[in-house]
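Colleague: Keeping their order, the protein sequence lines are chains A and B. 165 is the number that this note's numbering gives to position 165 of the first sequence; each next residue is one higher, with no gaps. 76 is the number that this note's numbering gives to position 76 of the second sequence; each next residue is one higher, with no gaps.
Just so you know, the hints here were simulated from the structure itself, not pulled from any lab data. A virtual CB, placed ideally from N, CA and C, is assigned to each residue, including glycine. Treat each hint with caution, since some may be false.
Pair ranges (Cβ atoms, derived) [what the hints assert, rightly or not]:
#1 A:R5 <-> B:D235: 17 to 27 Å
#2 A:A37 <-> B:L222: 21 to 31 Å
#3 A:R3 <-> B:K211: 23 to 33 Å
#4 A:F57 <-> B:H228: 24 to 34 Å
#5 B:D225 <-> A:S6: 40 to 50 Å
#6 A:D161 <-> B:A156: 55 to 65 Å
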Amino acid sequence: MTRFRSLYGASPLHLLAVIASFAIAGYGFLRIFDSPAPESTMLFFIAAVFMHDMLAFPLYSGLNQIATRSAGPKANYWLSEQMVQPLNYIRIPAVLSAFCLLLFFPLIFRLSADRFMANSGESADVFLTRWLGIVAVLFTVSALLYAIRLRRASQKAAAEDADRAADDD
Amino acid sequence: MSWLKPPNVTSVKEKLQKLPTPPKPKFPEEPPPGPTQPTFWKSPLRGPWMTSIIGSALLPLVIICAITGFLSHAAYNPALGDNSFFPAGGIGIDPYFFSWPTRPTFLYAFTQGSHIIAGCLAIPILFAKLWSVMPKLFEWPPLRSVAHMAERISLALLVGGALFVFFTGLLNIQVYYPWKFSFVPSHYYAAFVFLAALALHVSLKFPTIRKAYRERGVVKPLQDDLEHTVPEPYDEMTTTALEPSAPTISRRGLLLTVGGASAGIGLMMSGQVIGGPLRKIALLAPRGRQPNSGPNGFQINKTAATAGIEPSKTGAGWRLKLVGATKAELSREQLLAMPQYTYDLPIACVEGWSTTQSWTGVRLKDLADAAGTPGASEVLVQSIQEFGSFNKATLSSGQIADEQSLLALKVNGVDLSPDHGYPARVIVPAMPGVHNTKWVRQMTFQEA
């Protein structure tokens, strides 16, 4: 048993599970190779492996860093003492808008407008407007919530100042 | 008789121990600069609990997608006629075990609606899951053993399979095809790859998930607001950060954002499944609109113009050819003179939208009788449409025999419009939309 472990790096059960899983995955690939244009399927499959890690992740983590540097905890020098961080009031509507775009970009950018029209008899013109409308509502609601938080914080700060002034007397 | 002696166990053991140890891949002990450094990753929220909770939300959605996906395959009755457009020569493990039922009438609207809604709900959560395990991609050393290598290969199949399956599905419902392959077989068989890798992943990670929940509670970390959000303790074998930065959002804040994106998108998608007033909130869903007003104003799949249906072929000269034990040709007037039945039935598309309308026409079983084939075992329905993958469909005996299965001539009290299949179309309860052949020209019944 220890010998097996030192050779393989895990228990025999692990190996059995790996073999079972690879066998089913192998069947899937075999059938893909029997289907039309397998090279196209494989190309998109490999692209899918890298899509998040090499494309989406660098993009959104880069944007997040910019947002954090310009509106995060270390960027508060331009804020007054209220210390209400605007970061999440920017990030959250941005994330929601981005997911809407990620899911519906073919319709939003009219990438399949002709085929969409041929299939449904409907125009794909509305989706960009609707997405922009959703973005506008999300950021407006977020701005309102931020304004309310700011106001509450400044009222609280004023009250504390007044208390301190009263204590000093 | 030395061959009867049991083998010398000790000598076998000795021999095994004398075998050379396989060479281990050699990597420098110190990771190179960059993302392989444990100090590179700063998020205070990453850790086994975070990954476990996201995974626990994702898994049920994937299971719903898998079950409803296999059911959708069965709903097309792939064993009948030319219904299957899969490559020939499967090894018989595709689930063709049963004949798709006709009750409840909303069955396919429900299963396929669930497939599409669950798939859309899963995508934001999948991205969160991938974010949460990013440091693992750069773990050092990159390969520790054969087992570790096998696991990493399986993870590539898992990530590739998941994104392939979810995004091909997502683009298919928006009829956007930037590829050369055929959607159905590639989506279906990539799901085998994805699910095989997922099953392995969940079994191997089960102890990690259990440990994370035992140590931190399943939902307890959700009680912490930003001030009380502390990183999970560092462990070099996990995704925790060695030098975490100060949190800028609480765990519940992050999960609510992802869950909110997921729920909002799911709500929009459910609008095009459930229909009625809910369709108004289906803002970005492909079929969130009422395309036209009037009795024929509901959603269309493939217009008459696209299908190449010339008015000359659907006019007064149109005849329905019935082929069975006998042959018959019926004009639309003759069909209208037969007993007419009206039922409210949904049309449910594989793309995940559905719409329920009131259909009037002749029962399929009456047409089987007219073709001299009562109790027919199957019927091949062919359209005037000359090209396209769904210009014909083979229906099962159960679908022919159901009293609500119609060759519809009218919808909502008026003649079908050309886009909805005038002069006649099939409408069978719980059957996938595209099998309800439009512009029918011939029905060929098989004797039982």
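Colleague: Checking against the hints above, which ones are violated?
Modeller: Failing hint: just 2.
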